[in-house]
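K.L.:
Position chain B relative to chain A; hints supplied.
So the protein lines, in turn, are chains A and B.
Everything in the first sequence is counted per the numbering used here, starting at 1 for the first residue and increasing by one.
Everything in the second sequence is counted per the numbering used here, starting at 408 for the first residue and increasing by one.
Honestly, I wouldn't trust all of these hints.
As the list claims (entries may be wrong) - Facing chain B, from chain A, some residues (calculated, C-beta under 7 Å):
hint : residue
1    : A311
2    : M313
3    : P318
To be verified - Here are the simulated DSSO-like cross-link-like pairs (lysine-lysine), alpha carbons at most 30 Å apart as the crow flies:
hint : chain 1 : residue 1 : chain 2 : residue 2
4    : A       : K358      : A       : K327
5    : A       : K301      : A       : K344
6    : A       : K40       : A       : K187
7    : A       : K357      : A       : K221
8    : A       : K344      : B       : K487
9    : B       : K487      : A       : K358
10   : A       : K327      : A       : K187
11   : B       : K486      : A       : K344
12   : B       : K487      : A       : K327
13   : A       : K327      : B       : K486
14   : A       : K358      : A       : K221
15   : A       : K358      : A       : K344
Claimed, not checked - With the Cβ distance kept under 10 Å, some of the chain B side facing chain A (calculated, not the full set):
hint : residue
16   : E433
17   : D444
18   : D447
19   : S448
20   : H451
21   : I455
22   : E459
23   : R465
24   : F466
25   : P468
26   : M472
27   : V477
28   : C483
What the hints contain is simulated information worked out from the structure, not anything from laboratory work.
Here a beta-carbon is modelled for each residue, glycine too, at the ideal position from N, C-alpha and C.
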Amino acid sequence: MAEPVSRHALQPPFLHRAGLAWAAHLPEEAGWPSDGSDDKRRSQLRLWENDTRLGPRHAIHDAIENEGAGRYSHWNGGLIFSTGDGSDPNTNGRRYAVSLGAPTTRVVGLGSCHLHDALIELEDKALVHWAWRTPALAHTPREAAQLLGFHLGELDIPAPLHSVTVADTALAGSDPADFRPGPARIKQADIAFLEFGSTVDIAYGPFWLLRAPLRTRFIDKFAALGAASRQTAYRWYNQGLLKRNEAVRAECAARMLDMIPRLGVDRALARDVVCNARGAEQDMASVVETMRGIRDTLQAKATCVLSSQNAFMPDGRPLSWPGNFFKVIETACGEIGLPLLHTKSLVAEQGAAFAIKKDLVHFTPQMITLLGTEILAMGNRALRALEPDVVASHGGSGARTPAPAES
Amino acid sequence: MDLERRAILTEVGGIIRSELDDQPLEITEHTVIDGIDGWDSVAHVRIIVAIESRFSVRFEPDEYMDFQNVGELVDCLSKKLSEIGHERTLRPRAALRT
Chain A
1 MAEPVSRHAL QPPFLHRAGL AWAAHLPEEA GWPSDGSDDK RRSQLRLWEN DTRLGPRHAI
61 HDAIENEGAG RYSHWNGGLI FSTGDGSDPN TNGRRYAVSL GAPTTRVVGL GSCHLHDALI
121 ELEDKALVHW AWRTPALAHT PREAAQLLGF HLGELDIPAP LHSVTVADTA LAGSDPADFR
181 PGPARIKQAD IAFLEFGSTV DIAYGPFWLL RAPLRTRFID KFAALGAASR QTAYRWYNQG
241 LLKRNEAVRA ECAARMLDMI PRLGVDRALA RDVVCNARGA EQDMASVVET MRGIRDTLQA
301 KATCVLSSQN AFMPDGRPLS WPGNFFKVIE TACGEIGLPL LHTKSLVAEQ GAAFAIKKDL
361 VHFTPQMITL LGTEILAMGN RALRALEPDV VASHGGSGAR TPAPAES
Chain B
408 MDLERRAILT EVGGIIRSEL DDQPLEITEH TVIDGIDGWD SVAHVRIIVA IESRFSVRFE
468 PDEYMDFQNV GELVDCLSKK LSEIGHERTL RPRAALRT
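Excised from the complex, chain A in its bound form (with noise of 0.2 Å):
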């Protein structure tokens, strides 16, 4: 991706703040966007220290003052920044300038954390442009659409549900209006992202529960008060609604009702999440449907998916639930015609220490690194799949190639 040509010198003197933190006055033609509280990654502005381009971007400014290491950030139109070796800019005899590099792959995801902070990665490397960032994760195909149909203004969900259903706890009780962002943000970016890692979905009347929302919101305060509390909170979630058993969701959602005054969350919501919540496989031809349902309404150039699972075994096998969901995920998508890539296979060529965390479940921060790499390669694939002539140059290779270099 070719870098802007056109820099813009910054002159000393830089204010020292605090720390490895010091503050630069911008040029006046560069004024673009910056982060704000309303969005904290608007900004597209690139730090230069000679040649050498600083970052990552968009840093908390705590961590500017005591990391530095090149972390700046472009904040309400003023730029606050360190030094690549924690150097006074002052003084070490480097020159520092700004540039605007806007990325051209306009990329959306839907998906985990994992997908998330890919395409965090990707952004911060303005290798892509992440055009919408959904503010909930999601893990199955229904949660996914449930999201897209939300934030697209064609689905209703009630406010109070908004929490456990479409947005993460650092969103609820914002106005609904601000998570809908219409759909020139939403449809059709270059790439999208489907990242799935269950076909279990957890029904509540006519929508779907996101799981970490539900997690944090309910199970955890029933953790909270207690051993037997928690066991009974993780028999209903793990047993009697991913797993389905009947008997086991009523006689625990019985036992979490008395505990739930002592919660300290909205117990009316409470009371009905656990008694009408249960859990609902989703078979073949209805995640085909789902899948392809997704993919019409995003109108992406091109639709990309990816295979994520539970957890890890110490070796880096992987634990996912359902037992079939791989082969359900790869017939479906061989039935609408999207690539596939199954991160298990990434762990499997890495190995474990390379890959997964201790926790078994989340990446280490050099497979996320390597994940934005092939998905980013696997998306640019299927662009150029659609180009009738480099798809004859090509082959219609399933190799995989080399992401572009960061610039």
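P.N.:
Frame of chain A, contents of chain B only:
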């Protein structure tokens, strides 16, 4: 149930009880995994790893993700042990008991 299969079930039951920290837990071939308290994905990992370590076998993902009850786990384990010579695998623990 033949004697060897019973021995395997006894070993597996002991591992499950130990990993779930539930010594009174009754384990039979018909015990449904979904019905065992505390058997979530993390416990599943611990139990499978402990069984693999104890019997020196390795389950494939398609195997360990599909066990519905303890009997299926024992079936799969028995098959693997028969391929490598299960008497040799069971002997060390039995010897320790005597």
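K.L.:
For each hint, tell me whether it holds in the structure or not.
P.N.:
Hint check:
no., hint, verdict
1, A311, "holds, 5 Å"
2, M313, "holds, 6 Å"
3, P318, "holds, 6 Å"
4, K358(A) <-> K327(A), "holds, 27 Å"
5, K301(A) <-> K344(A), "holds, 26 Å"
6, K40(A) <-> K187(A), "holds, 21 Å"
7, K357(A) <-> K221(A), "holds, 25 Å"
8, K344(A) <-> K487(B), "holds, 24 Å"
9, K487(B) <-> K358(A), "holds, 29 Å"
10, K327(A) <-> K187(A), "holds, 29 Å"
11, K486(B) <-> K344(A), "holds, 26 Å"
12, K487(B) <-> K327(A), "holds, 24 Å"
13, K327(A) <-> K486(B), "holds, 24 Å"
14, K358(A) <-> K221(A), "holds, 24 Å"
15, K358(A) <-> K344(A), "holds, 16 Å"
16, E433, "violated, 17 Å"
17, D444, "holds, 6 Å"
18, D447, "holds, 4 Å"
19, S448, "holds, 5 Å"
20, H451, "holds, 6 Å"
21, I455, "holds, 7 Å"
22, E459, "holds, 9 Å"
23, R465, "holds, 9 Å"
24, F466, "holds, 8 Å"
25, P468, "holds, 5 Å"
26, M472, "holds, 4 Å"
27, V477, "violated, 15 Å"
28, C483, "violated, 13 Å"
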